[in-house]
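Engineer: Here is how the chains run, residue by residue.
Protein chains: 2
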Amino acid sequence: MKKQHNIPTGLFGFGTVNEGLYELLEKTNNHSLDIQKIVVKNKDKARKIKNGKLSYDPDDILENQEIQLVIEAISDAEAAYHIVTKAMENGKDVITANKKMVATYHQELLDIQGSTGRKMFYEAAVCGAIPVIRTLDQYFPYDKISSIEGVFNGTANFILSKMEEGASYQDALQEAQDLGLAEADPTSDVEGWDAKYKLCISHKHAFGKTISLDEVPNYGIDRISATEQKFAKENNYRIRLKAIAENGQFSVLPHFVSEDDFAFHLKGEANYMEIKSQFAGDHILQGPGAGGFPTASAIVSDIGLYQEGYDYQYSRSDSNNIDSEVNTWFYVKGVDEDKLAEITVKYIKESIKDETFFLVNSKVRDINSLDPALLVVINEDVEQKFKK
Amino acid sequence: MKKQHNIPTGLFGFGTVNEGLYELLEKTNNHSLDIQKIVVKNKDKARKIKNGKLSYDPDDILENQEIQLVIEAISDAEAAYHIVTKAMENGKDVITANKKMVATYHQELLDIQGSTGRKMFYEAAVCGAIPVIRTLDQYFPYDKISSIEGVFNGTANFILSKMEEGASYQDALQEAQDLGLAEADPTSDVEGWDAKYKLCISHKHAFGKTISLDEVPNYGIDRISATEQKFAKENNYRIRLKAIAENGQFSVLPHFVSEDDFAFHLKGEANYMEIKSQFAGDHILQGPGAGGFPTASAIVSDIGLYQEGYDYQYSRSDSNNIDSEVNTWFYVKGVDEDKLAEITVKYIKESIKDETFFLVNSKVRDINSLDPALLVVINEDVEQKFKK
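Protein chains in written order, with the working numbering: chain E, 88 to 475; chain Y, 88 to 475.
Hints were generated in silico from the structure; no laboratory data involved. Among the hints, a few may not be true.
It does not matter which identical chain is used: a pair holds within one copy or between any two.
[Stated by the list, open to error] Pairs of lysine-lysine, DSS-like flavour, derived with a Cα cap of 27 Å: (1) Lys320 x Lys354; (2) Lys137 x Lys114; (3) Lys89 x Lys114; (4) Lys436 x Lys426; (5) Lys114 x Lys140; (6) Lys433 x Lys420; (7) Lys296 x Lys114; (8) Lys472 x Lys426; (9) Lys231 x Lys135; (10) Lys173 x Lys128; (11) Lys89 x Lys296; (12) Lys90 x Lys231; (13) Lys296 x Lys206; (14) Lys354 x Lys231; (15) Lys296 x Lys231; (16) Lys231 x Lys114; (17) Lys90 x Lys296; (18) Lys436 x Lys472; (19) Lys90 x Lys206; (20) Lys206 x Lys89; (21) Lys173 x Lys140; (22) Lys474 x Lys317; (23) Lys472 x Lys450; (24) Lys231 x Lys89; (25) Lys137 x Lys231.
Required output: the full structure, derived from the provided sequences and hints.
Structural biologist: If you want it as structure tokens, here you go:
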């Protein structure tokens, strides 16, 4: 197949990602795209864009017959959904970096893709430059995957790493904001939403089934206090915000991890995904999960796929075994002890200074139903260790 | 493009890899191949192959007009070279797992591929199931890679891990042999040849240039004694056999690594490759580097590429900067101190019990030219630590 160059392209958004893309293409002398229009929202912001390319009207791209490919990297998921669906309906192929949009509307997008016959890529939406989607989709398509898990949010991991060095949550967050790693409103990163979007998107390629955001409980790191830091230190744990899909269970939760866990050694803003499969074995992919150039790199890789005439395979059928009988140990704060006694098999009451917490052996959906103030997984059997 | 199924295929060899492939295809109900002939050498060995498929005559595949794809996984590199070149000359595409063959004849094979117009894949030749070649070739083709490094030999890493637990080299090797991880003749694994083949093959995809085996010094782990184990323990090092290509320098050498090195935490038979790139950042791929199913998995992935009409891109031009002025600290045994004084900038003489060794700051080619009995890289500046 002959590679197409100078693909007539329209960009939506010119923030960190698309500006990174623009610069990357220039610096690497990459002529895959002919960027004809760049549609942005904010008229007051100065932009490093050549005259005539800038527009504030989406139809300058969407109704432009010449434009063949749309690259969407705006922050508003609803607006992005309208752009991307309209683009496909108007015969254009799409590359998007919008994880919230893909995670929220994954099945709808696949249906529209199916009915319009267009192509849609979103490697940049999951763990930045790490080739997660491509690897799940193309490299292990024949294999049965038993689990995917990892640290999918670099901001949270940066904050947790700083807390290990002695910083409070607030100070660590402030440092992340000062460095541009965290937004002014850090909710999506610290409460696990961002990681959940990535888990939901990956799930389709790993297990052949789209899952909805409601199905995945997410507890963040924002309620982790000196008590948990002390608990971690005393037990040689580190705290990591892990996303996991295994045995038909999904969650984004903080974990107390010990030294034999890969996440234990992951410091700072890196991401990783561990993929366990039947024949190809256990794999880890680690790399930069955010940032302008890394995310733009994933888009450039998608452009490469597109030039090759390739599309995602989605070759896996629903292979997710439901095994809801698995119990896990949780560190839990802010639940009613009477209710706890009703639902759980075992629990241990503990305290550090004046704070009471419970070590609870239960299913995630059971403990989640009690709506605790804080929920942290403990990745080992703690019964012998703590039971008096 | 419509995927071709039941591709008329001939297999060469039916050892761990091709037997794994055969079983994997059956177990996953994969109909990509129609395996028509399996050519093996040893007539006395019992094989789990259906009647009529087995042959001892290479021409039953090579001269068979129907057969379109040859999958070669024999141990003899010279014989493999003749099979693979003949196959391409006879109009057949090739998937090979033979790292020694590809590393030794890489440029010749590419030339024959060019003149015959056939396809040739060899993901299975580099780090088993880890998608190393594909990632370098397809995922980062636009990017400038500054280095690749890693642990490319699981047998050596297994032995080193056992030595950390207190075993001698001989006992650790024996255990690896008992487990089927090491051959009766372990030379290729423990002396770094196997890792060197993988480094040479990867180099072409990372830096756009084939390098010859002679250019890459390899020192193994077979001469590591209780002295080095003691030295490692006292300095909180672990020993890892690392393959590195950076700044136009290549080597496969044992390293004393400290806790901040990714290799430090790699235990047992796993492999990993770290890829550092300009825009996509630093990446790590870790997984099983050997074994029947993992290696067969890489072949199945190659079959997938082949079905998609894809071929390796080799899109990188020679991008390897020569920076031969980099000095490194080495732990060296069995060199003449007078000669050492001539070539090196700095060295420190040390001893543990009765054994003398040198900590030498030099270029690898300089120290290599002295033909030391043992050479281990130290990944930090040891001058302050040891200088009296």
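Engineer: So which of those numbered hints doesn't the model satisfy?
Structural biologist: Structure breaks no hint.
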